[in-house]
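Asks: This is what each chain is made of:
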Amino acid sequence: MSDNSLRLVWIYPDLLSTYGDQGNALVVERRARQRGLDVQRVDVRSDQPIPTSGDIYLIGGGEDRPQRLAAERLVRDGGLERAVSNGAIVFSVCAGYQILGKEFVNDVGQRQEGLGLLDVVSVRGEGERCVGDVLADIDPRLGLPQLTGFENHQGVTHLGPTARPFARLSMGRGNGTGDGTEGAYNDTVFGTYMHGPVLARNPLVADLLLKLALDVNALPGLDDRWYEALRTERISAATQPA
Amino acid sequence: MAGNTEPLSPRAKLAVTAGKAAAAVSRAAGRGSGSVIGGKVALRLDPDLLGALAQHLDVVLVSATNGKTTTTRLIAEALRASGPVVSNALGANMPAGITSALAGGSDAKYGVIEVDEKYLAGVARDVTPKVIALLNLSRDQLDRAAETRMLAEKWREGLSGSKAVIVANCDDPLIVWSASSSQNVVWVAAGQEWKDDAWSCPSCGGVMQRPGDDWFCGECGFRRPTPSWVLSGDHVLDPHGSAWPIHLQLPGRANKANAATSAAVAAVFGVPPQVALERMYQVQAVAGRYDVVSFLGREVRLLLAKNPAGWLETFSLIDPPPTPVVLSVNARGADGTDTSWLWDVDYTRLAGHPIFVIGDRKLDLAVRLEVAGLDFRVCETLDEAVQLAPPGQIELIANYTAFQDVRRRVGN
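Going line by line, the protein sequences match chains A and B.
Quick note: the first sequence uses my numbering, first residue 802, plus one each step.
Quick note: the second sequence uses my numbering, first residue 5, plus one each step.
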């Protein structure tokens, strides 16, 4: 992080951008610019090397075959692991979340190696696909309001001892393990099953990423009335029967 | 040859009669045209009815993510130059709706049938089409639809044994993948603005290279085939190199592409391009789409856009700023309940337009526009949006059920 510039890296939009994942990049970029930061957004295609000097890395959701290809290319590249060891922040969604774990089950039913940046292992769920609105309480240590999102996945993710659950569910399936957890995180690496996109539904999570990247405790406030209106509507929709 | 020379079997006749009776009851009860319920009743009585009804027709199937209904209409108009046509013109595009439409056309020579993407392979097996037109494939209703590439794979498997002439868009790699297992393909360079579902090679997964209008996979060599028909600006070039002007009443580049494909389909049946295109000029609106209506003393053009590719094509046809724009988005069952696709749409293209936002999911849209840095107003109703809009014809863009809501309100 140099002076007031922020380097935002969006990983593999050619493979992992199926569920409006660009939204997370747009929200972080917008909220950083509104705080006067000079944002350099880098979209990295899967035939390009991952830059190691980014401040925040985003990785999105995708279909099963692109997920396998993305994991193969990211493991081969090695740049994201180097960025994390330099202190970069990573925020991942769905297929991207599974890739950051130690292992997941790919489109041909094989266990495939992930990046191991999160202490989680994902398998394919046996039951129905999880589709719908989700409501959860984010780990109180992170000091954030309720998490609202939309899930659409078949994965089940088991957390190991060094991964903390990102949130506790009150509606929805989240990690799909039945233990009420949703997502996982450690110091600088976050994973969630939430689409929506999640940062548009939860702008203070975007701000958390900015604070971690800038190493500050607070950011200037913004006019969040549309985000707030959307949150109120979605939280109320999730808690009322359809 | 087409034309009903052989009578339907007694069972098929009974099924058609029962289906028409159910449709009449449904209409009387105020539940829409009744074509779907009629078709369901008929298909239950005779599961082979679709094939039996199609037996005497020269059938054209049309499928795509976007442009199916319009292209079906354009092809139907073009083929009327050569004989009577039966068509599911209102967009009831699953087997029941198709059965119902065909049951209404006993004197027809041609059946021009729009087919939902998920049912294409099955319908193509049942009706033995002469031509199948494939326009484009892109993300749509991801909460319930198959993944886009999987859909292309299913088409590829389903069409590999078909004897039909496949008229296919060579500018969409997923369409090319779907069609390239077929023996008889007519490639049309119809263009495709939206590219974000085909950066990954459908054959091997390699990264697609896209210099200019060309595309190819650097790893396996899968590449854009050479077209025999080409949409070039306001003209379509036929296989002999003649350029025919396209003067549609329907707006936009995408409809020129639909017309080019339709001309290629008509040519399979011997209808020359100039005859086919002239007949297409008569089409003014398709199931309410592109219609300009008067509402509360204002002129409002009704535009349907259901997914990112559709929104992108729609932005390119609206009048420039300061034309006011009303946007309406719902997320009911028929729309898909996941609104995340809004973030795949580049709304900055609306900069300079006064923007009014309505619909069940107006707040999702409000956040989307806020993040795009646009000025907009959120309204409770269509009436409020239209009344607040500054002078000029209003462009109204809505997704599926939002579009139906608007049509009901304006009495279209």
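Hints were generated in silico from the structure; no laboratory data involved.
Small disclaimer: the values here were computed from a predicted structure and weren't measured.
All C-beta atoms in this analysis are idealised placements derived from N, C-alpha and C, irrespective of residue type, glycine included.
Incorrect hints may appear among the rest.
[Claimed, not checked] Covered stretches of chain A (chain B as the covering partner; in silico rule of three or more C-beta atoms under 8 Å from a C-beta of chain B):
id, segment
1, 820–831
2, 911–920
3, 961–970
4, 995–1004
[Said to hold, decoys possible] Listed next, the stretches of chain B that the computed footprint assigns to chain A, with coverage defined by at least 3 CB atoms under 8 Å from CB atoms of chain A:
id, segment
5, 98–112
6, 132–145
7, 374–381
Asks: Take the hints in turn and mark each one as holding or not.
Replies: To see whether the hints hold, each was checked on the structure:
1. 820–831: holds (count 8)
2. 911–920: violated (count 0)
3. 961–970: n = 0 at 8 Å, threshold three: violated.
4. 995–1004: Held - the segment 995–1004 of chain A has 4 residues with a Cβ nearer than 8 Å to chain B, which meets the minimum of three.
5. 98–112: Violated, because only 0 residues of the segment 98–112 of chain B bring their Cβ atoms closer than 8 Å to Cβ atoms of chain A.
6. 132–145: violated (count 1)
7. 374–381: holds (count 4)
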